[in-house]
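Dock chain B against the given chain A, drawing on the hints supplied.
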Amino acid sequence: MNNTHPRLRELKYTLHRIFRNPSAVIGFTILLFFVGVALLAPLLAPPQYAHNPYQMPHKGFSPTPKAPGESAIFGTTSGQYDIYYGVVWGTRTAFKIGLFVVFISGFVGIGLGAVSGYYGGWIDEILMRVTDVMWAIPTLVLAMAIVVAFGRGLDKVMIALALIQWRWYVRVMRSEILTLRDQDFVQAARIMGVSDFKIILRHILPNAIYPVLIMASMDMGSMVITASFMSFVGLGAPKGYADWGQMVALARNYIVGPPGDPLRFWYTIAIPGACIILFVLAWNLIGDALRDAFDPKLRRR
Amino acid sequence: MHTYILRRFFFLTFVLFGVSVLLFGILMTFSPERRAAAYVTTPQQAKDIPRIIKQFGLDEPVYIQYVRWIKEVGRGNLGWSLVAARPVGEAFWRYFPITLEMNLYAAPIVIFLGIWLGSVSGIHRDSWIDHGTRIFAIIGWSLPTFLFALVLLMVFYGYFHLFSPGVLSDELAMSIINHPEQYTPYTGMLTIDGLLNGRLDIALNALHHLVLPIATYVIVVVALNMRVMRSGIIEELSKDYVLTARAKGADRRTVHYKHARRNALLPVVTVAGQLVAMSMEGSIAVEVVYNRQGIGWWLAESATQLDMPVLMCICLFMGLVFVITNLTIDILYAYIDPRIRLN
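Those protein sequences? They're chains A and B, same order as listed. Quick note on my numbering: the first sequence kicks off at 1 and runs consecutively. Quick note on my numbering: the second sequence kicks off at 302 and runs consecutively.
Don't read these hints as lab results, they were simulated from the structure. Any given hint could be a false lead.
[Unchecked claim] Facing chain A, a subset of chain B residues (Cβ under 8 Å, in silico):
(1) 330
(2) 439
(3) 443
(4) 448
(5) 459
(6) 582
(7) 607
(8) 609
(9) 615
(10) 619
Backbone N, C-alpha and C define an ideal beta-carbon position, used for all residues, glycine too.
Here chain A stands alone, though its shape is the one from the complex (with noise of 0.2 Å):
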C-alpha cells in the first residue's frame, strides 16, 4: 500500500469517499443506465433513415397521440412518433448536448481562469471585466438572443451556450488558482526552472480541478434543461428530433385530455419528462457527492 504513488492513493481515499455516499452510488446507477441506452442506441431502438437515425420515425400523421400497446411499447406522441425510439436516440441527444457544452466552455474557462489567476496583472484586469460583463444577463435570456442571431437549430443552441457557459469556470477555476499560485510547492517549481505552462499543467490543474469537475458535474445537467427549455419553445432541434424536450413540446397540447378523461395523454409527457428528470438528477446527485468529498472541512484523515 505504501509504495503505490502518492496521488494514486489519495485518488483511491477520494472514491473510497465518493461510494460510502448513496447519492453517488444512485447517481452513478442512473448514469450508467443512461450510458449504455445511448450506446446500444441502434440496437434498442434500429434507425429508419440510415442516413439521419435522430429523425424520429413515425406511422401516420395523426395528431391525436396513441396509447402504449403492441405496436409501440410507450406509445406514439402527437404526430404518430415513436415515444421508446424518440426517448433513447434523445439519450444520445441529451450527452451530446451535455459534453459538447460542457468540454468547450471548461476548456475555455480553465484556461482562460488559469492564465488570469497566475499571471495576475492587467492580463487578469481585462479578462475578469470581460467575466463580469458576462455575467450580467441571465443564461437562458442572452443564450436566446445568441440564438436568435444565429438561427434555430439545436446545434445553434449548443454554440450559444457554450458561448456563454465559460464564465462560470473562469471564476471558479481563477479563485482556486490565487490561493495555490503563492504555495511553496509552487514556488520551489519557478525556483528550479520550470517553465510556466509546466507549472500550471503538472503543479497548479492538478491541485484546483475538484471544483471545476463539481461544476462540471452539475452542468451537464442544467445545459440539459437549457437546451431542452428551447427545444420546447421552439429554438432548438426540429420537430420529429429525437429529444426529449421537443418531445414534450408535441405532447404540450395534449397534457389535458377528453372531458371524463383528463389524464388520458400523461405518457406523451411523463415517459420524456422522467428521463430529463433522471438525467439532470443522476449528475447533481453526483457533483454533490463530489462536493462532499472534496470539502477540505468534512475531509478529515
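What follows is chain B alone, placed relative to chain A:
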C-alpha cells in the same frame, strides 16, 4: 464606506456599458436590412427599409453606429415588436407588471422559506429533517421549471379542475374590456388594481391564478437559497464564539437562531444576484406554460419569431436589473458587515 460604494458604482456603470457593447456586437452579426427593422416603429415604415439604412447610416463604421444606436436606446426608441404589434418600449410596460406581480409574491416566500429550511437543516445536521430537506432541494434543483409547470397544470387543471392557466378568468377579463370606465389600470398588476378599484372579485381571481405559477417557481428556485443557508449555518456553528456562548450557559435556541443565523445570512445576501437571474429564467418557463403574458412570455414568443429588438430590450433590462441588484447588495453588505464598512 462612501469610497467603497462609489467604486462599486463606477464598476457597475462600466458593466452596463460592456453589456451594451456585447449586445451591439450580437446585433452587428445581422445584415443592414435586418438591423434596419430595429428602427422601424410603425408597420408603414417597413416599406422603405433602404431609406432607413441611409438615414441611420447602417452601412457606416461600427463605432459611429454604436454611438447612434445607444443614443436611440437612451431616448427609449428600441424598435418595433412583432408579437405585441407596437413599439418595444411601449410593449415592455404592458408586459412588465404581470412579471413583477408574480415576482413580488414569490420573492418573500423564496427568501424566508429558504432561510428557514436551510437553518433548520443545518442546525439538525444529518438528522431526518436534514436528509429530507436535502432530498427536496436536490430534486427541486433537478426539476426543469417548464416540465414541472406542465405536470402541475396536468394534475391541478386537467384532473382536479382547481386552477386554470392565464392571469384572469374569461368573464372577468370581458367585464374589464366591456366596462373600461369602471376599471382603471393604475399599476397593471391585477391583484393590486382590483383592490384599488374596489373590485375584490378581480383581485381574488387574479390571486387564484397566481397560485400554481408561484408554487412552481418557489419549489424550483428555493433550493439555491436553502443550500447556501445550510452550509452557512454549519460553518458558523463550528466557530469558537458558538462554543463560548454555549459554555457560558446561553440557551441553545438563542445561540443557534440568534447568533449563528445572523452571521450565516451574509452568504445568502451574496447569492441574491444569482437568485434574481434565476427568477428571470424561472419567469420565462412559468409564463410560457401558464400562458401569462409577461416579460418572459414575450421574450420566448419574440425569440421564436426571431424578433431581435425585443431580445435586445430585455437583455438591456436584465443588465440594468443586474446593476441595480448588485449595487443594493453591495450597500446592504457594507451595512451589515462591519469588516467592509470600516475598511
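Consistency of the hints with the structure:
1. With a least beta-carbon distance of about 5 Å to chain A, the hint placing residue 330/B at the interface is held under the 8 Å criterion.
2. The closest approach between the C-beta of residue 439/B and any C-beta of chain A is roughly 6 Å, which is under the 8 Å cut-off, so the hint is satisfied.
3. Given hint, residue 443/B at the interface with chain A, holds; its Cβ is 4 Å from that chain's nearest Cβ, closer than 8 Å.
4. At a threshold of 8 Å, the smallest CB-CB gap from residue 448/B to chain A is about 5 Å, leaving the interface hint in force.
5. For residue 459/B, the interface hint holds, since its Cβ comes within 8 Å of a Cβ in chain A; the closest pair sits about 4 Å apart.
6. The interface hint given for residue 582/B is met, as the beta carbon of that residue sits about 4 Å from the closest beta carbon of chain A, less than 8 Å.
7. Because the closest C-beta pair between residue 607/B and chain A is about 5 Å apart, less than 8 Å, the hint holds.
8. Given hint, residue 609/B at the interface with chain A, holds; its Cβ is 6 Å from that chain's nearest Cβ, closer than 8 Å.
9. For residue 615/B, the suggested interface contact is upheld, since its CB lies about 6 Å from the closest CB of chain A, less than 8 Å.
10. Hint status for residue 619/B relative to chain A: holds, with the closest Cβ pair at about 5 Å, below 8 Å.
Every hint from the earlier list agrees with this structure, and none is contradicted.
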